[in-house]
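Engineer: Full structure from sequences and hints, please.
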Amino acid sequence: MTGETVPKLRLNDVSMNFGDVTALSPTALQVGTGEFVSVVGPSGCGKSTIFNIIAGVLAPSGGRVFIDGEDVTGRSGHVGYMLQKDLLLPWRTVLENIVLGAMLKGGASRAQREEGVALATRYGLGDFINHYPSALSGGMRQRVALMRTLAMHHDVMLLDEPFGALDSQTRMAMQQWLLSVWQRENRTIIFVTHDIDEAIFLADRIVVMTPRPGRIQEIIDVKINRPRPVSSLIQPEFVALKQRILNIIYQNASVEPDEVIANG
Amino acid sequence: MDDGTQRGRLFLRIFYPIFAMVLLIGVWGGLVAYYDVPRYVLPSPMAVAQHIVDDWPALVRGFAITFLEFLLGFIFGAGTGFVFAVIMDMSRSARGILYPILILSQAIPIVAISAALTIWLGFGLTPKLVIVALVVFFPVVVNVLDGLASVDKDVLNLARSMGATQFNTFRHIKLPATFSPLFSALKLSATFSVSGAVIAEWTASTSGGIGAYLLQANSRLNTAGTFAAIAFLAVLGIVSFMLVFAVERLLTPWNSSSKARLWSRSYWRG
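Protein sequences, first through last, are from chains A and B.
Each residue of the first sequence is one higher than the one before, starting from 14 at the first, in the working numbering.
Each residue of the second sequence is one higher than the one before, starting from 61 at the first, in the working numbering.
Think of the hints as simulated: they come from the structure by calculation, not from any bench.
Please note that the accuracy of each hint is not assured.
Said to hold, decoys possible - For lysine-lysine, the following BS3-like pairs were computed, each having C-alpha atoms within a straight-line distance of at most 30 Å: (1) B:K319 / A:K98; (2) A:K255 / A:K236; (3) B:K234 / A:K118; (4) A:K118 / B:K213; (5) B:K213 / A:K98; (6) B:K247 / B:K234.
Structural biologist: Rendered as structure tokens:
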């Protein structure tokens, strides 16, 4: 594996200004192959800006983005991404939505469709491949959206509050499902959320961001063993981590310096 | 049991319109008989039915001609409107130039255009097609433009990140988004188009049609003939609406069904 020498994803002093406003001050971040990194912070902290820069939808004002050592700054199509809105096409079946990437590139081959069917079957939507999205529940729609992202075969997947619109039970089920998908498919995931519980429950590392100007305040290791059952949500380590992140975000207490990894 | 109630509902959906028609004709016949209305003011339903039977070939020929005018004009107008909308969606300057012309085309009454078209295009089929096309054109442009603009920016970003070409983005994302608004425009203008065809036939016609038939019957105080033509026009209006409705069901299965149709290309059989 090249993970040791070349990180999967590297942000090199990436910054973003909109006019006079600094949305993101120079930021460095490295993510290893197969790592699950959560990004948390209040609104205005620049997490969506980071997301859009990595996705290549936005060109940064300064700095470069590298994937596998290749400079992809401002170029889209190198990562898979998924938003809170599922963005499923109502006029396409579940299967066609899963293989949408191939269809948009000129048509999904039989092999690609078969792979889509296999994905749907593996993750519990095998009976719905010929249904239209309108027939699915919110949780099922997000699962289809994630399969569409998986079918793009990008090693890096960006998820921007993908479960933000779901009710809390569905959300919890989706988080566990996402972990099982991640472990099985061996992808690198960057997960943006404002939900601290969700960030801790899912991630290997948590990037905590603060606003004015948007920047990375701290990067924290999550040392909770996997697989993580729901009960890990009330484990002492979990609660302590949550306390610490809350403190950073609301800045109403000092932060213990251990476990803090200076970024870079 | 569930199946039974569904069949009952279907029965009622067929029964109510038929009952309404029978009721309407019954009231009409009853009033004519009760007040002894003269035949040249309002003929009885029986007299109209008799006229339809007597003059069946002429009525059917007229129906066919007007239906042809409707169908060709409708397809032509909807097609042109669609192309205009796509061009206007792609280019800001095209939009700026074409919009005032579009609004102007709507501001002028159809009857006035109809007279001018007779001068330019003669008495045949062509001016009728143009009138029908003009009726459909504007609603189609406006609704298709709306449909194209309604596509979520995030979906377009996603398509771009997937490496989609312009053409494929149009084909898979923008084009299907226009279908629902397109068909609401077509359903609204289907019956208006029939009126358009009739007005065009009234202005000048050597090619016949139900409108011309109506005008002739009316000028001879043949009220039974007039009402027969009206009945045929009503049927024509309903047929045109049903036709649009059927095509919509065919082209937008996702609006009426939870699953892709078995025979469609979308359906995966494994």
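Engineer: Compare the structure with the hints numbered earlier in the document and write down the numbers of the violated ones, lowest to highest.
Structural biologist: Every hint satisfied by this model.
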